[in-house]
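*Asks:* Residues per chain, in single letters:
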Amino acid sequence: MTSLLLILVPSIAAALAAAWPDSRTRPWFLPGAGVIHCVLAWWLFCAPPTVEAGSWLGFDPLARAVLPVVSLLFLVCACYGVTYLRIRSERPNRIFITALLAVLGLLSAGLQARHLGLLWIFTEAVTLAAVPLLHFNGTPRAFEATWKYLLVGGTGIALSLLGSLCLGYASLYGGGDGQLTFMALMAQGGGLSRPWVLIAWVLLLVGYGTKMGLAPMHTCKPDAYGEAPVMVGAMLAGGVTSVAFTAILRVRAVVGAAGAGGVADHTLLAIGLFSILVAALFLLGTRDFKRMLAYSSVEHMGILTLGAALGRAGVAAALFHVWSNSLTKGALFLSAGNIRRAAGSQTMDAVRGMSVLTPRSAAIFVTGIFAVTACPPFGPFFSELKVLRAALETGHWAITAMFLGCLLLAFFGLSRVAFGIVDGRPHPAAKAGGTRFVETAGVIVPPLVLLALSLWLGLFTPRMVTEAWAAAVTQLYPN
Amino acid sequence: MLLVLTVSNGLHFLVAWEVFAVCGYFLITLDGNKRAVRTAGWLYLATSHAGTLCLCVFFGLLAVKTGGWELGPLRGDASLAPLFWLALAGFGIKAGIFPLHIWLPSAHANAPSHVSALMSGVAIKMGVYGIVRFSGWLPVPAAAGWVVMALGATSALLGIAFALAQNDFKRLLAYCSVENIGIIMIGIGGALLARSHGDAAWGRLALAGALLHVWNHGAFKALLFFGAGSVLHATGTREMSRLGGLWQRMPWTAGLFALGAVAVVGLPPLNGFVSEWLIYLGLFDAVAGKQASAWVAMPAAILLGLAGALALATFAKAGAMIFLGAARTKSAALAHECGNWMRGPMLALAGICLGLGLVPTLVWPALTSAAGAWQPVQSGGLSDCGNGEADGQRAGYPHHSGPGIVPAAVIGLTIGETHAAKPSAGGAPAMAEVPLATLGWVQLGLAGLMAAAGTLLWRKVMANNLRRGPTWDCGYAAPAARMQYTSGSFAGLASAWFSWILRPLRTMRRVHGHFPAEAIYQERVPETVLDMVILPLAARGMQVSAAVRRLQHGHLSFYILYVVVALAALASLVLLENVP
Amino acid sequence: MERWAGINHQNLNLLIGLAIGLNLLALSTSRLPMLIRSMSAQGVILGVMPILMEPHADWRVLLVALATIGGKGLFIPGMLRRAMRAVRIDRELEPLIGFVPSLLLGAGGTIAAFALTPLLPLLAEHADSLLVPGALATVITGLILLIGRTEAVAQVCGYIILDNGIYLFGLLLIRAMPLMVEAGVLLDLTVGVFILGIIVDRIQRTFDSLDTRILTTLHE
Amino acid sequence: MKLLLDLILRIDCWLLLAPLLPGIINKVKAWVAGRRGPPVLQLYYDLARLWKKGVVMSTLASPAFVILPALTWVALLSAAMLMPLGPLGAGLTFRGDALVLLYLLALGRFCTVWAAMETGSAFEGMGTVREVSYAVLAEAALIAAVLSLSVQSGSIALATMLGPPLGAGAVLLAAGLFIILLAENCRVPFDDPNTHLELAMIHEAMVLDHSGPPLAAILHGASMKLLLFAVLLVQAVLPIGQLQPLAAAAVLAAGVLGVTVAVGLVESLWARFAFRRVPLLLTTAFLLCLFALLVAWKGGPA
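Residue numbers (our numbering), protein chains in the order written: chain A, 1 to 479; chain B, 1 to 580; chain C, 1 to 220; chain D, 1 to 302.
Warning: the hint list may mix true and false statements.
Only pairs whose alpha carbons sit at most 30 Å apart, straight line, appear in this in silico DSSO-like list of lysine-lysine [said to hold, decoys possible]:
no. : chain 1 : residue 1 : chain 2 : residue 2
1   : B       : K460      : D       : K53
2   : B       : K34       : B       : K330
3   : D       : K29       : D       : K53
4   : D       : K27       : D       : K53
5   : D       : K27       : D       : K52
6   : D       : K52       : B       : K460
7   : B       : K290      : D       : K298
A few chain C positions that, by computed beta-carbon distances, are all more than 12 Å from chain A [unchecked claim]:
no. : residue
8   : L12
9   : S30
10  : R37
11  : D58
12  : V61
13  : L66
14  : G70
15  : G73
16  : L74
17  : G78
18  : R82
19  : L96
20  : I97
21  : G98
22  : G108
23  : A115
In case anyone wonders, no lab produced these hints; they're calculated from the structure.
We treat Cβ as the ideally placed atom computed from N, Cα and C, and that holds for glycine.
Next up, chain A with everything else stripped away, as it sits in the complex (with noise of 0.2 Å):
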C-alpha cells in the first residue's frame, strides 16, 4: 500500500498545486512532496514490502534498486527549484510545478510497474508531462527543443508500444492467458514464440533507448537538456532514463528466459558501445556545457548498456552506475545552471573565467567533471570499475579496449570545455552585467550535496544499498 502512496502522494501534490492560487508559495510543494516521497520511498528501501507474484504494480527488489536515488535526486532538485523559481519569478509556474510533481509520481510508478501495458503507459506518461517542462523558458528555442523531443520521443513511444504488442503476441501465440506481467512472461519462458520475441525485442530496445538516449536515437536530447531548465535536464537524465532502463532490464529478463538473452546481450553490447563512441566523439567538439553534459549522458547511457549486456555482475555494476551517474550528473546539471545564469551563455566561446564570476559552482563544476569522467574517489569512478571488471570477467578484450578508449575521447572532451569555460579571464560582458547573479545558499547547497552523496557512494556504499542490487539482479536471473 505504501508504494501505492509513492505514486499518490506526488499526485495529489500536483493537483493541489494546480489549484493553489499564490505563485509565490507554490514552489514549496516540490521540496514537501520531495520530502514526503523521500522519506516514503527510503523507508520502504529499508523495510521492502512481499510483492505478490502477479500483481501489476508493486516495490519489486528492482524498484528498490533504482527508486530511492531518484526520489533523492528529485527532493535536491527540487529544494534548487524553490530558488531557481523565485529567481525566474517573470516565468508563470502553475504548470511547470504540476508537470514537475507529475513527472515524479509517473517516475515512481513507471519504476514500479511490472505489467508490459502499464510500464508503457507509465513511460509514455512521464514523457508528456515532461513537454511543459522543456518549454518553460517559452523561448523560441525552447519550442524547437519541444518539437524534437516530441515526435523523437513520439516516435520512440510508438515502437515501443508496437514492441510491447509484439511481445504480448508472442505471449499469445506461446498459449499464453493474456496475464502479460513480467512474472508471468517469465514463467512462460520458452514457450513464447521465438521470433515474435525477437521483434518485439528490437522494437522495444529502439523505442526504451529513445527514451533512455541511446546513440543514434539521443538527437533530441542535447536539444531538450540544453534548452529546459537544469534541475528539469537534472530529472530527465537522472529519473527519466532510469525507468528507461529498469524498462528494457525487465523486458530483457523476459527475452533472457525465452531463450533469447545471448541475442539481446549482443544487441544491447552494440548499440551501448555505439552510444560510448558516438557519445565520445561528440564530445570531443562540442562547445557548449549543457549540451556536453546531453552528450555524457548518453556516454553514460551506453555504459549501463553495456553493463545490462554483461550477465549478472554487469547488471549489478549498471545499477550501481545508475545511482551514481544520477547523483553526479544532477550536481553537474545544476552548478552549470548556475554558471550559465551567471555568464548569459552556454558555449565556450563566450563563456570564460567562471572561477571569478562564481567561484563555487566553478568548483562543484570542475569536482563534478573528474567525477563524471570516473576520477577517484566519486561513485563514477567505482560503478565504471565493476563494469569494466564485469567486461574482463565474461572475457570481452576487444569490448574492454574499445569502451576505455571513448572514455578517454570523453575525458578529452570534457575536461577541455569544462577547463574552457572555468579558466582564464572573464570576459568583460559578463562581469560588467546587469543583474548580478549570486551564488546563494539555495543555489549552491543542492548540487553540493549531490556531489558530496556520489563521494558517499563512492567511498562508503552501504551495505543495504549493494544488498538491493544483488536482489534486483536476483529478480532478473532467476536462475
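Put chains B, C and D on the given structure of chain A with help from the hints.
*Replies:* Showing chains B, C and D alone in chain A's frame:
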C-alpha cells in the same frame, strides 16, 4: 601521495593514484592565467588519465584473476605475466619513458619551479615505484627485461639529445628527467633480465643502482629546478640565449647550480656517479657473464656512456649559457640573487648530493633490503663491504608491513621522509660484491684533494699577482656579448647527429647581394613525438569528431530517420545471428 | 454466429484495405487538407473496427471506439486545420522525399508487408486476416510521412498514421489485453497527439510558420 | 708506512715522467722534419716558468676560472692513481675502478669546459663545443674498449683487466685505443697542438685565456692524460701480466715510448682532418673497439 606508497589494495591504490594525479594538475596550473600553462596542465591531465585507464585495466584484470583487490606477492601464477605490459604502459606514462613522455617537458617547464622540482623529484618516481613494485610482485614475461632495458636506453639517449637541443632551461631540465628515468629503467631492466636468467647477482646490483638513482635524481634535479626557479624569478625569462653572466649577480645560485650539474652529469665525487656506477657494474657483469643477456646489456652500457657524455655537453651548455660569460640582455644584467628562503632548501639539497656522494654507504642497507625484498632468495649471503659501516640507520621497519613495503620506504626517503632503514628480516639477498665503501673513500679523497689543490692554486695565483683584463678573444678589438656562443650554436654540432629525431625547425635568411638586409638564423626544436605523431593523430580524431557532429544538424526528419536506421541495423543484427 | 464472424471478417478486411488505400492517398497528396482528411477518415475506420471484432458490444468497447472516432476523426483534424488556416498555407511545398518517390516507397512497403507476413508465425484466426500486413503498411506510411515531410502539420499527420498502424496491430490482442490497459494506451496516445497539437499551435504563433526546416537553430 | 711510500713514489713517477712525452713527440717530429727541435725537457722548463708568472684574468670570469684547472689536474692525477703500472700494480684497485677512471676523465673535461666558458669568448666557445661533442663519440669507443677488456678478463678491476694474454682482438683494440688516444689528447689528426689558427683548434682554443700557474696545471694535466692513455694502450694489448716483473716494467716502458714515437710519426706524416671527417674517424675507433669486444666474447675462452 604517501598513500600511493603504502596501500596494499588495488582499489585504494587506484584512488590514491588518481587523486595524486589530479593534485598534480592543480599544482601545475597554479599560475593558470597563462594559456601555455593551461595547455601544459591539460596535456598532463589527459596523458595521466590515459595512464590511469591502463592501470584500471591492470588492476581490474588482476582482480579478475585473483578474485580480489588485495595486492601482494603473486609470483606463482604465470598467467599473470602479460599484465606486466599494462603496468609498464600505465606507470611508464607517469614516469615519462621516452615515447610516453609527451606531457613531461611542457608540464615541467610551465609549472612553478618548486612544483617542477616536486614533480621531477617525486611524481615521476611514482611511475618507477609502480613498475618496480609490480614487477617484484608479479611474474613478468620473458621479454620484459629486454623491453624495459631497450626503452630505458632509448629514453636515456633521446632524452638527453632533446635536452641538449633545448633553449628553454626548464625544458632542458625536464628532458634531462626523461634521460634519468631512462637510466633508472636500464637498471630495472637489468634486474628483470637477471631474473629471467636465473636470478643473477648483477640484477640486484642494477636494481640497487636504479633505486639509488631514484633518490639521487630527486635530490639533484630538485636542486637544479630550484636554481632554475631563482633564475626565472630574477630575470623573467626561460630562454638561455637571453641570459649569461649571472654568476656575478647570483653567485650562490650559480655555484649550487654548478654542483647540481656535476651531480646530474654523473661525475665523481657527487651522488649521481654512485648510482650510475652501480648500474654500470651490473651491466658490465652481465656482459662479462657472456650469457644471452649480454646482447642487451652491451648496447645499454654503451648508450649509457653516450648519454653520459651528452649530459656533460648539455649541462656545460646550460651552466655556461645561464651563468657564465657576459650578460646577453639587460634583464640578465640586472638580475638579483634569490632570498634566504630560496637558498636554504638549495643548500640542503646540495648537502644531500654531497653527502650521498661522499658517504654512499649510508643508504646501502636500505638498497640491499629493497633489492632483496623485490626478489627474496633462498641462498647466498650479503657480501657487501660497506654494510658494516652503516650503523646510522638502524631503526626498524614495522614488521607487519612485510618485505613488500621496503621499496616504498626507499623511495619515501627520496622525498625527505625520515624513515630509517634496516635490512628486512626475510632473507639476505645475494648481492654481488660491491666495494661501495672504497668508492666512498675514493670520492672523499678526491673531494679533499680537489679542495686542497684548488686552494693551493688560488693562493699561488694570488701570490703571483692576479690582474684583471678584458677577455683576450684572440686579440679581437671590440668583443661584444652578442658574439658569444649561444645555446643553439653550442648544441649545434652534437644535436645535428640527432636531427633525424629532433627535426629542428629552421628559419634562415642569408646575407645576400651588395647591400644585404639583416640576416636571420633561427632554430627551434619541436616536441617531436607530440608534434609529429600525437597532434596529427589528434587532428585526425577531431576531423572524425567534426564529421560525426555534422550529423546533429537540427533537421528533425533525419533524426527520425536515424531511429529507423537503428531499428533496421539492430534487426539485421538479430537476423544475422538467427539465420544459420 | 459463425456466419456473423465470417461476414465480420470480410468487412474487417475490407476496412483494412480501405485504410491502406488511405495510406497511399496520404502519401501522394500535396494538399494538406487532403492529408488531414485522409488521416481523419482512417481514424474513423479504425474506430469502427473494434465494434466489428467484438460481437458483444461491451460499453467499454464502445467507449474506445467513440474516443478513437472523436479524437482522431474530429478533434485533432479540427485543431490541425485551425493551425493551418492561421498561417494560410495549405500545401506541402518542398518535401524531403518527393510525392512520387514517397508513393512508390509506400507502395513498396505495403507490398513488402504483404510478402513478409506469411513468414511470421500467426495464430490460425489471424492467418488470413489483413490486420498484420495492414498494420505494417500503415506504420511504414507513417514513418515515411514523418521523415519525408517538412510541414509540421504533415508530420503530425504522419505520427497519427503511425499510431493508427500500431492500433491496427493492437487489435490482434484485443481479446488478450485487458481493456483497461487498452483504454490507458488510447488515452496516452490521445493526450500525446493533443499536446502535439498544442505545440504545433505554439510553433505557429512563435515562428509564424509551420515549416520545420526553420527549426534548426539547435545543432552542433 | 710502506703504503705511503708507495703512494708518494707513484705520484712522483706520474708527475715527473708525464711532461717527458710531449717532448719526445716534438723531438720525433723535428727528427722526421730534419730539424733539431726543442729539447726533450722543454715542457719542464715551460712549466717552471709558468709557475712563477702572474695571471691575467678576464673581467667576465669568476674565481673558478683559476681554480678549475687545479680540479682538472686533480681529476687526472686521481685517474692516474687508478691506473696500474705493470708489475707495480695500481695505487688503488677495486671492482669497478675502470668506470671511476672513465668518469674522472669526464670530470676533468667538465672542469676545463666550464673554465673555458667563463670568459665568454667566441673562440673558447668554439673549442668547447668541439670538445664536448667529439667526446660523446670518444666516450662510446672508450666504453666499448673497456667492455672488451672486461669480457676478456671477466673482471671490472683495472688490475686484472690489463695485461691480459695476447688475445685475438688485440690488434683491433690497439688500433681503436690508439685513435681514441689521439682524439682524447687532441693530437693530429683531430687537433693540431702547434697551430696558431684558433679556428682550427679544440683543446688549445679552450685554454686560450689561461696564464700562469693555472696554465701550468693544464699543460701538466694534459701530459699526464697522454701518459695515462699510452699506459692504458700498452697494457691493454701487451701480455704484460704474463711476464716477470722486471721484464714487464721494461716492456711497459718500451711500449709507452713506442706509442709516443708513433704519435710523433702520425703528427709528422698526417695532416689534420677537416672537422666534418672527425666523427668518421671516431666512429671507426668505436667500431674497432666493438669488434674487439665481439672477438673477445666469441673468440676467447668461455
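*Asks:* Quick check: which numbered hints come out false for this structure?
*Replies:* none
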